[in-house]
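Student: From just these sequences and the hints, can you work out the full model?
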Amino acid sequence: MPEGRGFAPQYASVQHRDEAAEIGIWVFLATELLLFGGLLFAYFVYRHANPAAFAAASRHTDIVIGTANTAILLTSSFLVACAVDALQAGARRICIMLLIGAMLLGLLFLSLKATEYAGEYHEHLVPGINFSFAPPLADGAELFFTIYFVATSIHAIHMMIGIAVLAALAIMLRRTASTRLCAALRTAALYWHFVDAIWIVLFALIYLPGRSGA
Amino acid sequence: MMGWRPPLVLVASWLGLLALLALTVTLAYLPFGSLNSTVAIVIAAIKAAIIAAFFMELWDRGPRLLIFAGAGLFWLGLLLWLGLMDFITRAPA
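Protein sequence lines, in the order shown, are assigned to chains R and D.
Each residue of the first sequence is one higher than the one before, starting from 1 at the first, in the working numbering.
Each residue of the second sequence is one higher than the one before, starting from 1 at the first, in the working numbering.
By construction, these hints were calculated from the structure, which means they are not laboratory data.
From the three backbone atoms N, C-alpha and C, an ideal C-beta is built for every residue, glycine too.
Hints may contain errors.
Stated by the list, open to error - Label-pair ranges, simulated between beta-carbon atoms:
hint, chain 1, residue 1, chain 2, residue 2, range
1, R, L108, D, I88, 34 to 44 Å
2, R, D139, D, L66, 37 to 47 Å
3, R, H124, D, R61, 41 to 51 Å
4, D, I41, R, G6, 43 to 53 Å
5, D, L80, R, G24, 18 to 28 Å
Tutor: Here's what the structure looks like:
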């Protein structure tokens with residue numbers, strides 16, 4: 001694979017540059033983990049204070065869309081991991097097709113999420129805009145849906161950024177591959193997988209509680 | 001170039017993740033009482049670990065990168081552990 005534009009003067013070698021990129025994205029992901037960590041913390045505190053309301057509110061989320069979206073994200077992550085492997089094996093065109101597949105799945109995720117938001121609006125589950133819930137649990141359910149909308153919309157913004165980054169890389173890969181682009185793709189892939197892992201935790205905390213009718 | 005095939009470890013991870021998703025949704029509907037949320041969180045953690053190990057390739061990375069990757073989890077652990085300590089252990093008034 002060609003060296004492309006090579007490496008900046010602060011690096012001793014291409015390998016040094018790629019190691020710095022990988023460590024750099026992990027440092028960034030640590031800060032991202034704390035961003036979502038604050039949301040998780042708030043979730044656990046309010047759930048502890050309102051267990052029945054959180055279970056009841058959770059039953060109002062759309063388990064079918066939530067489960068489908070989880071499968072979609074897992075599959076998109078699989079495609080991105082394959083794209084990295086394909087590029088390293090010199091299969092540039094296959095890599096681009098895998099990236100396009102991952103982006104389409106990302107867009108499908110976002111459109112299903114938008115459908116879900118619309119459904120929740122019609123069911124009067126949007127705090128601050130139109131919210132009504134069976135009286136004894138209304139306050140706790142409003143807390144649940146506030147956290148739900150903040151967490152899932154921040155997650156959706158991450159998805160949009162991820163799709164844009166993958167698109168930019170797919171366009172740059174059209175002509176030729178380079179070790180620099182390969183390192184960039186590995187970095188973008190780590191971000192994509194991280195956003196996928198965050199969704200898995202959100203899915204368990206948002207959609208699954210209260211399903212057994214307890 | 002057309003000889004590229006998806007690595008077995010990625011295919012196995014993907015199928016395993018989908019199986020765990022089916023398992024966690026099924027178990028969520030069974031009446032385990034307060035164990036339901038523990039089961040959901042444990043399965044989510046296993047899925048995240050599979051992603052970190054195989055999709056994010058941490059399984060064959062050196063100790064330096066593992067320290068950087070683990071730092072975020074360590075800080076998150078401090079936040080949740082110390083933050084929730086009082087809520088979890090305080091007896092109902």
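Student: The structure should be examined with respect to each hint, and the outcome stated for every one.
Tutor: Hints, verified against the model:
1. A hinted range of 34 to 44 Å holds for the C-beta pair L108/R and I88/D, which are about 38 Å apart.
2. Between D139/R and L66/D the Cβ separation comes to about 43 Å, which falls inside the hinted range of 37 to 47 Å.
3. As the Cβ distance of H124/R to R61/D is approximately 48 Å, the hint placing it in 41 to 51 Å holds.
4. Between I41/D and G6/R the beta carbon distance is about 46 Å. The supplied range of 43 to 53 Å therefore holds.
5. For L80/D and G24/R, the Cβ-Cβ distance of about 26 Å falls inside the hinted range of 18 to 28 Å, so the restraint holds.
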